[in-house]
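If you read the protein sequences in the order shown, they are chains U, P, L and W.
Everything in the first sequence is counted per the working numbering, starting at 1 for the first residue and increasing by one.
Everything in the second sequence is counted per the working numbering, starting at 1 for the first residue and increasing by one.
Everything in the third sequence is counted per the working numbering, starting at 1 for the first residue and increasing by one.
Everything in the fourth sequence is counted per the working numbering, starting at 1 for the first residue and increasing by one.
Just so you know, not all the hints are guaranteed correct.
The list that follows gives simulated cross-link-like pairs (lysine to any residue, SDA-like), each with its CA atoms no further than 25 angstroms apart [stated by the list, open to error]:
1. L:51 to P:164
2. W:51 to W:84
3. P:282 to W:164
4. U:145 to W:50
5. L:414 to L:389
6. W:253 to P:100
7. U:282 to P:43
8. P:282 to P:31
9. U:101 to L:453
10. U:222 to U:268
11. U:101 to L:400
Rather than coming from a laboratory, the hints here were simulated on the basis of the structure.
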Amino acid sequence: MSIMERPVFVDDKLREVRQSGRLEYRSRSLPTWCPGCGYFSIVEGVTYACNEMGIAKEQAVVVSGIGCSSRFPFFVDLFGFHTLHGRVLPVATGVKTANDKLTVIAVGGDGDGFAIGGGHISHAAKRNVDITYLLFDNGIYGLTKGQTSPLSAVGLRTSTSPFDNMEQPLNPLMMVLAYGASWVGQAYAGRPDHLREMITKAIAHRGFSYLHILSPCVTFDKTSKTYVNLGLRVRELPSGHDATDLMAALHQARDQESLAIGLYYQESRPTLNATFEQLVAKAGGGR
Amino acid sequence: MSIMERPVFVDDKLREVRQSGRLEYRSRSLPTWCPGCGYFSIVEGVTYACNEMGIAKEQAVVVSGIGCSSRFPFFVDLFGFHTLHGRVLPVATGVKTANDKLTVIAVGGDGDGFAIGGGHISHAAKRNVDITYLLFDNGIYGLTKGQTSPLSAVGLRTSTSPFDNMEQPLNPLMMVLAYGASWVGQAYAGRPDHLREMITKAIAHRGFSYLHILSPCVTFDKTSKTYVNLGLRVRELPSGHDATDLMAALHQARDQESLAIGLYYQESRPTLNATFEQLVAKAGGGR
Amino acid sequence: MKATDIQIALCGSAGDGTIAAGDILRNAVARAGYRVISFDVYPPEIRGFGKCISRVRITTEQSYALKRQSDVFVSLDDSHAIPHVGEVRPDGAVIFESQPVATVAEGHHISGHIHPGHIPYGIPLRELSEKSTGGGRSRNLVVLGYIAGLLGLAPEHFLSIIEKKFTKQGSEVVSRNQAGFHAGFQAGTATFKLDNVFFTPLGTPHGSEQVVMLSGNAAVAQGCMDAHLDTFFGYPITPATSIMERLAVALPKRGARLLQTEDEISAMAASIGAGFAGARAATATSGPGLALMSEMIGLATMAEVPCVVFVSQRGGPSTGMPTKTEQSDLNAALYGSPGDSQHIVIAPTNVEGCYRCAGKAFEMAERYQTPVIVLLDLYLSNRYETVTLAVSGPPFNLNANKPRPRLEAGEVYKRYALTDDGISPRAIPGDAGCMHVITGLEHNELGRPSDQEEMHAAMSRKRHDKLLGALQHPDFTVSKRFGDPGRVKVGLLSWGSTFGECLEAMFMAQAEGIPCAAMKVVMLAPFPVQPVADFMADCDVVLVPECNYEGQFAHLVQGILAKPVVRLSRVPGSPMPVEAILGEVRRLARGAVTAIAS
Amino acid sequence: MKATDIQIALCGSAGDGTIAAGDILRNAVARAGYRVISFDVYPPEIRGFGKCISRVRITTEQSYALKRQSDVFVSLDDSHAIPHVGEVRPDGAVIFESQPVATVAEGHHISGHIHPGHIPYGIPLRELSEKSTGGGRSRNLVVLGYIAGLLGLAPEHFLSIIEKKFTKQGSEVVSRNQAGFHAGFQAGTATFKLDNVFFTPLGTPHGSEQVVMLSGNAAVAQGCMDAHLDTFFGYPITPATSIMERLAVALPKRGARLLQTEDEISAMAASIGAGFAGARAATATSGPGLALMSEMIGLATMAEVPCVVFVSQRGGPSTGMPTKTEQSDLNAALYGSPGDSQHIVIAPTNVEGCYRCAGKAFEMAERYQTPVIVLLDLYLSNRYETVTLAVSGPPFNLNANKPRPRLEAGEVYKRYALTDDGISPRAIPGDAGCMHVITGLEHNELGRPSDQEEMHAAMSRKRHDKLLGALQHPDFTVSKRFGDPGRVKVGLLSWGSTFGECLEAMFMAQAEGIPCAAMKVVMLAPFPVQPVADFMADCDVVLVPECNYEGQFAHLVQGILAKPVVRLSRVPGSPMPVEAILGEVRRLARGAVTAIAS
Ligand SMILES: Cc1ncc(C[n+]2csc(CCOP(=O)(O)OP(=O)(O)O)c2C)c(N)n1
Ligand SMILES: Cc1ncc(C[n+]2csc(CCOP(=O)(O)OP(=O)(O)O)c2C)c(N)n1
Ligand code: SF4
Ligand code: SF4
Ligand SMILES: [Mg+2]
Ligand SMILES: [Mg+2]
């Protein structure tokens, strides 16, 4: 079965979805993504998670940057803010600071997150803002028609690397672990059942949860992060993996050849909003 | 001996310096820093390194951001560019891209580097730009008169954390290691002999070298990163430390209580300028 | 009885406690019921012995600017003071150390520089300090006491301000400094007064208002608090930092939240996120930070999210002169965001205006669903003035944010509905039935991306037209004319902190018989076209004094009205000298030069 | 003999190869020696079946804009084409599929929409494609062949362009497409011609010049290459990306360097770093990126570092309409950086101008030691024109960067020496004896920080005055007047891509007997005050057509000259319609409305 003939995940599951009541979380706009794009299964995963967790849709906000990935808010029926390239996390921090009750989901691409937005992740992580960051990693700039991203593999030919990319990619999982994120996981758009469980867990976590989602760009990357290649490279985390052991998580994250999916690391510490409340208590304040 | 009576390092060493010929690298402007500021010993360290390595002064460029630390270029007699807050690394990358022959030293504070400039470090590291980044960590914003920085300790009281800082600081060494920097070390302004050796090694390294320099702000931090406290907390890396072992380096970096100074990690891989040359070769180009 | 109008200047080096003395002085006289305006000059370095000057103008009714000439001048360091001694008015007093520690080289003691018309008061400051406090460090308090004694001010307010100021350093420091003050006071009362500087007693204050002394930044913080700010996101930068520093203390006490972000982009982004979520949100910065925020401000314009940005200008371009004042960020505040991205820009002209503009900015941001930039500058941020606050409570509408659309059953919620006044119903997350997605892309009434020609034209019109409502915003002075009514020879058209100097110059010109009027323009965008056009029509020639090189406000006025003005564009790094304005007014009144476009 | 002036429009959906056909057509006729201007309209989505239109105007002498009406119109998809069929001129040709695959609902076949005055040519495109190539995918080439046959263009250039275009996809694809072309060509030559569209033969071209067809962005890249660009730093953004994409291929071939940075701030920062180190450096972006760069551009202004920024505008504000054209970033380009931070801003008006401005920008940046912003827009970046290049080599000074100060023994090097023309001796790292530190702080002649009043005033003057030299920059057209000399009824004052439409409108107005002139202003800062003032003095009324809502250029003109202009500010997302300009010109010429300030 060639890649382009691969059925779109949304169609696969349509019947099941309809029965589950998850359609409530889908917007009336059809995704403008290319047929076969990995992103479809992320929409499905988020609606699944909302349904599972019984989130009232007006109490959830999806914040995004700019990119194919960042069109996401238009395709779910939650409150949404499609912001600027790279600024999803600071905007999401503002939303959460304003209203403790909201479930805030931040979404964006690898360029959005690790190129122009690269300065914000460490701060969202250190503050432990209680939001979920879904990073759509297709290893390329999709919306601008296929340029190199900081997560592009060595050797990828793109319009801005016409003689093949020679820079080593960043290691996003090691970085986010080093930042002190309190929940770090990885999933793959081609494993939708696992993906939706991971999304659910990430949203359930209190604090900053980072889920790295490998997802093929079927239009602009025919050689590197394809369904075929990722299918071969993705593995499960070792069964004995201890998600409270940061060094073990870093060790797993270090392997960029064979890509482990699952929960790398989790810890519990006060969220930013909890910190605000402590501050108010110290100051003897109250509304 | 109280902190404020502590002799300024420059005076200590003046005779020695004069004999060594290092004065050639000192500018005629006297540093405008507060007496006792840790930064004096960094000026001394850089002039020592230039002298040791016999760097022609017109072939070296110091690039800085904005902060007390970033006033550095005015105090050495090298070419200098005092740029904008947080932008020292991209400017330095431009300088090095323009001229392979220059020795490029980037300097800046902890706020400059890890707050506003936090998005650039990973990219300079991944590209392995052949520059040396000296990060002056006083755990506070000095120039703007004492606000919290991302490296401020929990509990530090500043003008923007009047009820004491409650955010956990970032771990700069783990971060830079996760970024793939090819040379990572730490030094302490209160150990000037070690510091100057580390600066020399960092400059000698081909590729992106990151030296984290702990340095007290005697004016705005009287409780946290003081000479007394740092003196107690600083230790050497364990004697058997293997600087080619990334996991070992991460392990050492993780300890933020007891701060190991020395060379954490070093590897050899093509620099950005070498990559450019490979590209030109691939393209069949040449000037 | 003549009203009080006394300006006292204290000059010394950074170690002399000059600024501290000025602070005690202005607080004490304010507490005594006088009106005050005061501005300090600092050295740019963190440490060192640079020049410090504290100037305090004390009046019966609130004045608008410092005077060109001081009535009383104090030297705590002759090397710094000598170049400034000329600023004392004829018959004014010069107070100085009569017994320097070491012998002073010829020409280096201030006594050799005092003008013939000045009244010199040499007093043994150090000696008095040493005798009364056991050390020389209280010279600044000795001199304060001396001034109080000489001019006949009661010591009580001074003593309580000294107590308040030094109480943290322990009771010993308090009583040492009070002793120094007393010693000076006795010396002052014992001095035979030769000058003609007088304090006239005050009437009793009205009960319906409360007078406090605030700096511009403190007034902004107070305005934010009184407008019930929910969230503040900021990044330190001179001269805006103290807004955040004050709010860092005040907000948690009211259960509200402040976050120091990683940079200005984040500060702006988080403010917009909070505004979207329904909170009152603000940030504060200076020119360099404004530049970084400009893309985000454009997003707020497009997505119609309320947010307030305080911008305190300093010398530019680039890092420029961080500790000097300037009015050169007007262009960037008006035009910094790409695209047709007009938003509201207001600039207070005095400290009371800082308070009012701060509070009103939130009303406007929420009512017109747009970013509001409040333009201050270092001179305004750091100067102190007595400010009258209504005792009846803050004059701000706390509900501008509140009205939510109520939908009929089956009605579809349109976040960007095209309405008559361009203002659409705004809902926030949590409002069931009003689900929507906002975006920086051009969009249709529902908020869905659209790049249709008609939609873009309609939405562009909406985004601009809705702002016009701000020109009629309730209880807000958009522009105001002062001085002679009817036709005048010279009109002064001005904005921001320089307006106080314009008023002073106007009063002086009027006193010289020049028919003269002045207009302050507080709302710079949208521009109050009609009032300014009317004003200009009344003036033979219009002079625009402003502290920038390019004449940015003059360019704005000409761009909108297509009529020439005369520019007085200066970049002294300090307030525009009143005499520079007056000189131009005189020149123009003589008709030596008629209006030219440049 | 009448000169050739034929406009062909191809309309289809994204899958039809419409744009590819347009591309072959324009290249083939350009190779035949005709002059071309051409602009395509794409759908905004990456994927889908959105509307594509490729318009190609083919003339004997270079024209300035597309015509309002096409002479030949081709439908490859009737649903998209029907709304556009009205754009065909009377007696023009409409070519369409005569044998649709399925039955078409009433009113959905284009034949029902062709105007009475149009000449319809229904041809069995699919059938011809299938017969000649074995499939329906070459319909676009069949139609090209048909046009060539019908209008009498020789097939040779088409065939070689087809070969070049498809050679990467293998010889089979090449011959399939050539076969399709041939089939169409035969059908075309066999058709009895009813319309009056003619190609007239060309004279032989001059040997001293070389004509190439380039898009605006390709011309920019070519200008950069011919000016020997050393380093390029960029971040992708529509519609600027293709500048970087072209340079990514071209620069390494010449041993030069391109780096895709992590964001626009870095791209600008690295350009400035490289410029400081003595390299020719540039970056390219659009409005959102310009906003991010504005702080850095201010640094280059203050530190006097040469750098070139290409800004291709798109619909704004904010993310706006990324695939639509607009001229609304003028304000941000002029005023985006805080402080008094003037720099050079130039805007070419056609593709050849893109080439020249690109090369000249480096000369200016280096000569005046300042950032230079070259303002393009999507329409200019993406449109194709034949461009004449001198065979004698690029007309750019490659040494503007070179002259280094030669110091006398003992002389102190002053990086910011105050000179008569404001231009200081620039040295770069490596120049022994010229050690210096540059900074964004205000500084003295040596480059040391200084915030003294006199120094700041002198340096502000220097930074502004030195730019005036650019108004006389050698071999550069700063502004130019066209049309009737002397006094005219209506003057068109215009900038950027809209100037082509102004010229077309002017020619049409002149043909109607309206005394009319047009001026293009290429240098927007510093502003060519005198030429524009002279032009305005010659015009009864001045009309400023531009593609933005606020009338940004009109505001600039009024701000500087304090004289009113009439605005024609539109935001269609597409080029300003010539008839809209013409309509205003007629209205103004009738004197119905005299100039008003708005
Ligand atoms: C400030 C700014 N710079 C550049 C762009 C252009 N741009 C839009 S999306 C994008 C990159 C998209 O890549 P990624 O974030 O990986 O998302 P994807 O499309 O791959 O999902 C870029 C460069 C922009 N919109 N704004
Ligand atoms: C864009 C911008 N934002 C803020 C500032 C104000 N500012 C100057 S230095 C500084 C922080 C200095 O702290 P750090 O980098 O740690 O250096 P230090 O002074 O401690 O050496 C800040 C916030 C600025 N100059 N530019
Ligand atoms: S371009 Fe790539 S990332 Fe974007 S929608 Fe298409 S397949 Fe997905
Ligand atoms: S303020 Fe702190 S960091 Fe700055 S010079 Fe003084 S001691 Fe050093
Ligand atoms: Mg991507
Ligand atoms: Mg610091």
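Structure-based check of all given hints:
For the hint linking residue 51 of chain L to residue 164 of chain P, the alpha-carbon distance of about 33 angstroms lies beyond 25 angstroms, and the restraint is violated. A distance of roughly 11 angstroms separates the Cα atoms of residue 51 of chain W and residue 84 of chain W; the hinted pair therefore holds under the 25 angstroms criterion. For a cut-off of 25 angstroms, the pair hint linking residue 282 of chain P to residue 164 of chain W stands: about 23 angstroms separates their Cα positions. A distance of roughly 17 angstroms separates the Cα atoms of residue 145 of chain U and residue 50 of chain W; the hinted pair therefore holds under the 25 angstroms criterion.
Simply put, residue 414 of chain L and residue 389 of chain L have alpha-carbon atoms about 41 angstroms apart, too far for the 25 angstroms limit, and the pair is violated. Distance check on the hinted pair: residue 253 of chain W and residue 100 of chain P sit about 18 angstroms apart at the alpha-carbon level, within 25 angstroms; holds. At most 25 angstroms may separate the alpha-carbon atoms for a hinted pair to count; residue 282 of chain U and residue 43 of chain P exceed this at roughly 42 angstroms. Distance hint between residue 282 of chain P and residue 31 of chain P is unfulfilled; the C-alpha atoms sit about 48 angstroms from each other, more than 25 angstroms.
The suggested pairing of residue 101 of chain U with residue 453 of chain L is violated, with an alpha-carbon distance near 39 angstroms, which exceeds 25 angstroms. At most 25 angstroms may separate the alpha-carbon atoms for a hinted pair to count; residue 222 of chain U and residue 268 of chain U exceed this at roughly 40 angstroms. Taking the CA atoms of residue 101 of chain U and residue 400 of chain L, the gap is near 22 angstroms; set against the 25 angstroms cutoff, the hint holds.
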